[in-house]
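Please build the complete structure, drawing on both the sequences and the hints.
In order, the protein sequences belong to chains A and B. Reminder that position 39 of the first sequence reads as 39 in this note's numbering, one-by-one numbering, no gaps. All you need for this note's numbering is the position in the second sequence, starting with 1, plus 353.
Certain hints may be false.
Unchecked claim - DSS-like cross-link-like pairs, simulated, lysine-lysine; straight-line CA separation at most 25 Å:
(1) B:751 <-> B:634
(2) B:762 <-> A:302
(3) B:515 <-> A:270
Hints are computed from structural coordinates only; laboratory data are not their basis.
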Amino acid sequence: MKERIDKLGAQFSEALAKVSDTEALENLRLEFMSKKGYVSDLMKELGKVPNEQKKEVGQMINSFKQEITERFDTKKEELVKLQEQMLIESAESYDESLPTDYPCGSYHPITLVQRELEDIFESMGFDIEDYSEVVTDFECFEGVNIPKFHPARDMQDTYYLTSANQLLKSHTSAAQNAILRKYGDALKKDGRPIRAVFPGRCFRNEAVDASHDNTFFQMEGVMVDKDISISNLIYFMKTMLSEVFGREVTVRLRPGFFPFVEPGFELDIKCLNCGGTGCPSCGNSGWLELCPCGMIHPNVLKLGGINTDDDPFEYTGFAFGLGLTRLAMMKYGVKDIRTFNDCDLNALSQFIG
Amino acid sequence: MYVSMNWIKDFVDLDGEDIEQLIQRFTLSTAEVEGIEFKGRNVKDVVVGEIVSCEDHPDSDHLHVLKVDAGDQVYDVVCGAPNARLGIKTAFVKVGGQVGDMKIKAAKLRGVESFGMCCSAKELGISDDHSGIMEIDPSYANGTDLKTIYPVDDVIFEVDNKSLTNRPDLWGHYGMAREFAALTGKTLKELPVKESDYTGDAEVPVEIRNKDLVFRYSSVRIENITKNVSPVEMQVRLYYCGMRAINLLADITNYIMLELGQPMHAFNGDKMSKIVVDTPKEDMKFTTLDGQERDITTDTLMIWDGDVPTGIAGIMGGLDSEIVDDTHSVMLESANFDGVSIRKSASRMGLRTDASARYEKTLDPEMTMTAVKRFIRLLFDADPGMKCTTNITDIYVKKYPELTVSFDKKFIDRYTGIDISSDQIEKTLTNLGFAITRNGDDFKAGIPSWRATKDVSMKADIVEEITRIYGYDNFEIKTTLSPIIPAKTTVRRSEEDRIKDLLVKTYKCHEIHTRVWCDPDAMKDLGLTPEDNVKLLQASEEKGTGILRTSMMECLLPAVKQNMNFATEYGIFEIGRTFKGTKEDGTADEHRNMALCLYSKDRSEKTLYVEAVQIVNAIVSQLKHKKAAYAKTECSHAWQHPKNTANILADGKVIGVLNTLYPSVRTKIAKNAYVVCIEIDMDALLEVPAAELEYAQPSIYPTVDYDLSLVIPEGIRFESIEKCWNDLKIKELNKVSVIDMYEALDIKSIAVRFSFVAPDRTLTGEEVQGNMDRIIENLSKLNVNLKA
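Next up, the structure:
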């Protein structure tokens, strides 16, 4: 019996060495281990073995069985590894640097800048308002203290319409009167300060060139409450602009004349490019003129129904104007303002978000 | 406007002040300075030199060889000036010296050595006279530094005129000097003037016929004028401030304009008999002193000599009354005209002058008398032989009211948010010329006439005066104490944002901006013309421009054509305003619309149309949780296709329109491409209430799918087929989807998958079959049969 087992063992070793794939291995396993395999044959023959040897021979068969099972498993593992190795080696190494040409849409750059600003203002508690593009002479001029014969009201500057006493708004301030009226009640009854920004398209009768367009975007903001001061205005502008530019900005105010504010200011920020030492982008002055602002003119507050003649200074507030188009030009380095309204997808499709 | 610091120093003592820093403060407190120029910094070693020998250059037909006595020694100099001659004194630049960019070195000119250069006034930088070398008063000793004779050294700064619009008082040096006095706390000196020494009764004959447009007219007649060249100091200042010296009388009027801001006109006293101020009765022509013939309308204020027009008031004099070099007598005009009228006349004629630019700022009428007296002073100083032959005639037609503003420190504190002392308030306002009465912290401020024409009238204006001199840089800044109440995003805005996001991110469309008016040329390329609508007053009937758009498509379709070469397929969209004529009250009927054009060379019109429907469905379902519906409609615009123009409905209300293009318009965009248009009225969409999102618990039981292949008869729309199962209201019918559509041999067929599921049990085959039988029965009534 022992010789038979040894012979079978040698036979298995020889066959196993020749096995090179899992299929052959399985065949070999069946040859030895199936019900009709050699090991079964051995077990059957065990019956013929004299009783006193049965235990010893039985153990021999079992350990043989165990041995080839182990060797079989090891071989199987080896083969699987080998196969995986082959799969890996034959696999293609992909090129991530291939151009992907993913078609995508684009936002108008004004939309991108406007959204950014709106998010900032919303986080500061401002309502975001919208206004019509056609407004009355009152809304655009009288209501914001621009007197009858002011040059801004000339036809050379403003697009008047054939419809009754209307025009295309020449600045977002045209919405001020309506905004003050809309929120005035909540201010006076509930003490809810007026805080609103209103972005919008504006129009001026202007010859179009690389730095002038007759259609452009502004964003105007107002804040009105009791005891709003110039000190508050400067603080707010500094904080707000630091948010807009994503870093601390240095501001300075100069007197500026706008009929709807008193005092009115031109606000400059220290040039972000050169830090104030002077460079081409700030015309070597170190400062960039950024936005007009000021304390809302008492007449504007009165016309907006906020104050009465009894106390024309009961509520005070400030207003500021941001040139969205100008900010977009600064942000994206757009040199020609016409890019915004020229509908050229070669330019606009780059603003993917 | 150019400002000379030398001139400013005539009126305020700035010794010991850092001039550059002061000009910086001026920017922050008064008006924007655009640039500073240091005159004379590039003039070095220029002295009086006497030509003691002058011979022709042996090798040139125009050069001279000079010997110049410059005090310290005699120099050999080669000079090409035509006026170089023996005996004159001139400006001589020594070797090592400099004028402008020229650094003087010893040089050989055509073989003759030259040590130094004789220079012209232009080379010295004090004039544009380049006709020859300077000729200097021989009483100056040779070797005298030129800078001690002429005011070559000066600091000139330029102020942005726009920042002076509301400051009529700053259109002259005297007003500017007042600012510097306030900034430094120094006293403003009086302006030297001289009264008329005439003692008789004679007046200048002046008649103001149009009293609406004239505030004041002051005049005097001066005779016996013999000099005609102005002093060099005056010439240099005029030149530094951007004007040219002409002759004594013209120079003094210009000088006073730059000094006081008061425009003046000197009429030739020999030619003028009576000054009349009036508008013409009818339109006329008039030749101004620049030789141009101008159209004068009946609302243009004119100056007349009796009945003969002689000048356009406040803008420009006439050719005939011009002062010439041999004028011996003048009639002076120092007047104040209505600013608006001057501005309108000037802009109508396209003739904006230094005078009109000042008048339109509403000048202080109090100045006219001062200006006349200043004129007498300056003329007398230059030509002591002159004689006033009339009294100073003064017709004061209209006066501005005198204004006083009362306020207290508490108000100033509240408005500024900082603490500025009462003493400082008083000092600042006093320095600026306000008449202050103070009782503790209570103030009364009389507004000076030069600020009272429009600029300062109330408390807020006073705050500005105090704070700008205080300096905004010195403000302690604080946040507001107002409660922060979070703002809510408006639905209106979020709808716009969500549509933009959907179109850009899911449908790869590009957002553009077009103008609100039509471009008739671009539309013509598509065979379209702007539809009748509200127009700009600036519209041109002939060119068809200036008509507002009735539909976004009037602007979007040209943009589609414009981008034809961008890609074979793209979508462009815009949210903008359109105008549907006027409303009942005559005002423009403005709408906020979203418009989208899908363009493709690659796909069929039908596929494109289906995508457009998908987009609209997506918009309505995402924003409103509702299903959009469609109804074919008549075309309302020339670009719409008669068969494929459909209203978009939500809740049964029309919210927009969907269409393909009219064949000829389409082929004008591109022969081999298709365009499908969507236009949605955003406010109509906004009014559709959003439904709550409906949620159904997914069933844990299996879904049974049942596919049908249907043959669709011609003319049957899917919505009527859909009714066949929708009407049955089968609870277990969970979803119906179209899985295939095909067309072969004129037979249209469609494969539909019906998915059944119940929440509480597994459906049996019989149940599903029973439902399907009812559906098939309904379909057959519609003549929709199963595909064989």
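Status of the hints after comparison with the structure:
1. B:751 <-> B:634: Roughly 23 Å between the alpha carbons, so the hint for residue 751 of chain B and residue 634 of chain B holds.
2. B:762 <-> A:302: Roughly 23 Å between the alpha carbons, so the hint for residue 762 of chain B and residue 302 of chain A holds.
3. B:515 <-> A:270: Satisfied, since the Cα-Cα distance of roughly 22 Å is no more than 25 Å.
In terms of the numbered hints stated before, the structure departs from none.
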